[in-house]
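**Student:** Here's the letter readout for the chains.
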Amino acid sequence: MESALHHLSIYQAHKLLKEGQTTSVELTEAVLRQIEKVEGLVKAYITITPELALKQARLADEKILRHRKAGESFSPLLGIPISIKDIICTEGIRTTCASRILENFFPPYDATVVEKLKEAGAVIVGKTNLDEFAMGSSTENSAFFPTRNPWDLERVPGGSSGGSAAAVAAGECLGSLGTDTGGSVRQPAAFCGVTGLKPSYGRVSRYGLVAFASSLDQIGPITKDVTDAALLLSVIAGHDPKDSTSVDYPVPDYLKALVPEVKGVRVGVPKEYFIEGMEEGVEKAIREAIDCLEELGAEVVEISLPHTKYALPTYYLIAPAEASANLARYDGVKYGLYIPASELWEEYRLTRGNGFGPEVKRRIMLGTYALSAGYYDAYYLKAQKVRTLIKKDFDEAFEKVDVIVAPTSPTVAFKLGEKVEDPLKMYLSDVFTIPVNLAGICAISIPCGFSEGLPVGLQVMGPAFGEEKILRVAYAYEQATQWHLKRPPL
Amino acid sequence: MAITREEVEHIAELAKLYLTEEEKEKMQRQLSAILDYFAMLQEIDTSLIPPTATVLPLRNVMREDTPAPSFDRDKILANAPQKVEGYVKVKVVLE
Numbered sequence: 022m023e024s025a026l027h028h029l030s031i032y033q034a035h036k037l038l039k040e041g042q043t044t045s046v047e048l049t050e051a052v053l054r055q056i057e058k059v060e061g062l063v064k065a066y067i068t069i070t071p072e073l074a075l076k077q078a079r080l081a082d083e084k085i086l087r088h089r090k091a092g093e094s095f096s097p098l099l100g101i102p103i104s105i106k107d108i109i110c111t112e113g114i115r116t117t118c119a120s121r122i123l124e125n126f127f128p129p130y131d132a133t134v135v136e137k138l139k140e141a142g143a144v145i146v147g148k149t150n151l152d153e154f155a156m157g158s159s160t161e162n163s164a165f166f167p168t169r170n171p172w173d174l175e176r177v178p179g180g181s182s183g184g185s186a187a188a189v190a191a192g193e194c195l196g197s198l199g200t201d202t203g204g205s206v207r208q209p210a211a212f213c214g215v216t217g218l219k220p221s222y223g224r225v226s227r228y229g230l231v232a233f234a235s236s237l238d239q240i241g242p243i244t245k246d247v248t249d250a251a252l253l254l255s256v257i258a259g260h261d262p263k264d265s266t267s268v269d270y271p272v273p274d275y276l277k278a279l280v281p282e283v284k285g286v287r288v289g290v291p292k293e294y295f296i297e298g299m300e301e302g303v304e305k306a307i308r309e310a311i312d313c314l315e316e317l318g319a320e321v322v323e324i325s326l327p328h329t330k331y332a333l334p335t336y337y338l339i340a341p342a343e344a345s346a347n348l349a350r351y352d353g354v355k356y357g358l359y360i361p362a363s364e365l366w367e368e369y370r371l372t373r374g375n376g377f378g379p380e381v382k383r384r385i386m387l388g389t390y391a392l393s394a395g396y397y398d399a400y401y402l403k404a405q406k407v408r409t410l411i412k413k414d415f416d417e418a419f420e421k422v423d424v425i426v427a428p429t430s431p432t433v434a435f436k437l438g439e440k441v442e443d444p445l446k447m448y449l450s451d452v453f454t455i456p457v458n459l460a461g462i463c464a465i466s467i468p469c470g471f472s473e474g475l476p477v478g479l480q481v482m483g484p485a486f487g488e489e490k491i492l493r494v495a496y497a498y499e500q501a502t503q504w505h506l507k508r509p510p511l
Numbered sequence: 009m010a011i012t013r014e015e016v017e018h019i020a021e022l023a024k025l026y027l028t029e030e031e032k033e034k035m036q037r038q039l040s041a042i043l044d045y046f047a048m049l050q051e052i053d054t055s056l057i058p059p060t061a062t063v064l065p066l067r068n069v070m071r072e073d074t075p076a077p078s079f080d081r082d083k084i085l086a087n088a089p090q091k092v093e094g095y096v097k098v099k100v101v102l103e
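Quick mapping for you: the protein sequence lines, in order, are chains A and B.
Numbers given in our numbering equal positions in the first sequence, counted from 1, plus 21.
Numbers given in our numbering equal positions in the second sequence, counted from 1, plus 8.
No lab work stands behind these hints: they were computed from the structure.
Be a bit skeptical, because a hint or two may be false.
Only pairs whose alpha carbons sit at most 30 angstroms apart, straight line, appear in this in silico DSSO-like list of lysine-lysine [what the hints assert, rightly or not]:
(1) B:Lys24 with B:Lys83
(2) B:Lys34 with A:Lys330
(3) A:Lys58 with A:Lys436
(4) B:Lys91 with A:Lys355
(5) A:Lys330 with A:Lys421
(6) B:Lys91 with A:Lys58
(7) A:Lys440 with B:Lys34
Full structure from sequences and hints, please.
**Tutor:** The following block contains the structure:
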């Protein structure tokens, strides 16, 4: 048992803690040993915090002991080793966004989600690698080093939350928090054979999340199974007075949604998601997953989301436009890299020109162009109007079906270096995840098989604030197939 | 090329981004390819479609203006590259 502690799910570990069969210190030590063993190959972390983790684990064990003596139940996160994407602020722990410009930034406060994790008693193991400022689909845009896919070290883990997904798959933590602006939780989860949930826009507070594209960003869990995703979401969801875009709807106990039963559930299959360029092995795995849902009693209906092909250009105008405004704050004055020059404007140019990597510069340029005089109507405003149409597609679809299923990505994990020189090709990797962010709805990616030895992800999309629906369908599928139990051969 | 060298330089100046000659050349090529691809948006007639800036129905969220302790000054200044006597130091903006 001991040797496999790091491969437990959060829920399984919680059960052992409740029964007194293990301790948080034992769990944390097992995870730290696994990090020592595989981190040199995977490189999932930018910062590892072993002392802090063990201190939090000892405190958690004291609390667990008290709860057990009193016969009380306790938070399923109490004493659980968790990692956090390095774009979410952690007080006193370096938060770099995988950028040279924030290489030595120590946040003076915790993000609301981190506060909530700490309140629940989670143990923080470290901060995971990402594409710089979450801009990318492979984690190769990290200014420090790329992360590798635990299933094949020559391949990318996906991105931008590639460090989180790889860490979960490799047993370097029991669960993680990522962020998803255009697929950055779901696509790496698919590539690494784990579960990733993008909550509806407004479901989770963004306070303390370093802003990329504010109308699209959401924080979401990356976990070993659907139960853990439900459990983490229950902890981080909810209104926050510090984020005016977090919505004041009640937070259900998402664990209660986990009923392995889909009889009569209407599942939509959008024909626009089965396109040329999709890998054969991916399509096969997805078709088999759809058949499986039908066998379980779901009613499968073909639907149409006619504006799907316009989602990619729409996203790559709106997200960079918002990013170009959000990233204007990095000027070397209040924090971050500072390069002195003879006058202020030159300091700005040099600081930003040297502090940002190629993809971040490309997006700032693209966004600035789309917002600039003469191009605003043709690009930015146009994209916002098409966004309305994309949202309308989903609104109409959800009148007919409860959830929509599709591939998470058209391919399995690609090789390092394969797409770095061709940004457009890299952007196409997000073609199936982007529409969800534009529409503000929720979606989950779960493992649904393998193509040439690499994991394939099934995406289940639901209406805004319909997380219970996607969790239920995902759980029923997971329980019927057990793909989530496969571990990479590290 | 959908975008000229001069435009690249103009945008870089708006964004206050120093670019090397090599970066400018690459940026012109890559942005042109991306913008060419984006031209497909012009196929759609959006004359009667309102824009979406946010998917939420919320507008102008207000809260009570209640005084509360703020961050500690030293803690905030700890990340500032240049500071003097409890202030952030910057170069002259107005002559």
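**Student:** Each hint should be assessed against the structure and marked as holding or not.
**Tutor:** How the hints compare with the structure:
1. At most 30 angstroms may separate the alpha-carbon atoms for a hinted pair to count; Lys24 of chain B and Lys83 of chain B meet this at roughly 28 angstroms.
2. At roughly 27 angstroms between alpha-carbon atoms, Lys34 of chain B and Lys330 of chain A fall within 30 angstroms of each other, so this suggested pair holds.
3. For the suggested pair Lys58 of chain A and Lys436 of chain A, the alpha carbons sit about 23 angstroms apart, so the restraint of at most 30 angstroms is met.
4. Restraint check for Lys91 of chain B and Lys355 of chain A: satisfied, since their Cα atoms lie roughly 9 angstroms apart, inside the 30 angstroms limit.
5. As the CA atoms of Lys330 of chain A and Lys421 of chain A are separated by approximately 21 angstroms, the hinted pair is consistent with the 30 angstroms bound.
6. Taking the CA atoms of Lys91 of chain B and Lys58 of chain A, the gap is about 43 angstroms. The hint is violated against a cut of 30 angstroms.
7. The suggested pairing of Lys440 of chain A with Lys34 of chain B holds, with an alpha-carbon distance near 16 angstroms, which does not exceed 30 angstroms.
Of the numbered hints given earlier, the model fails hint 6 alone.
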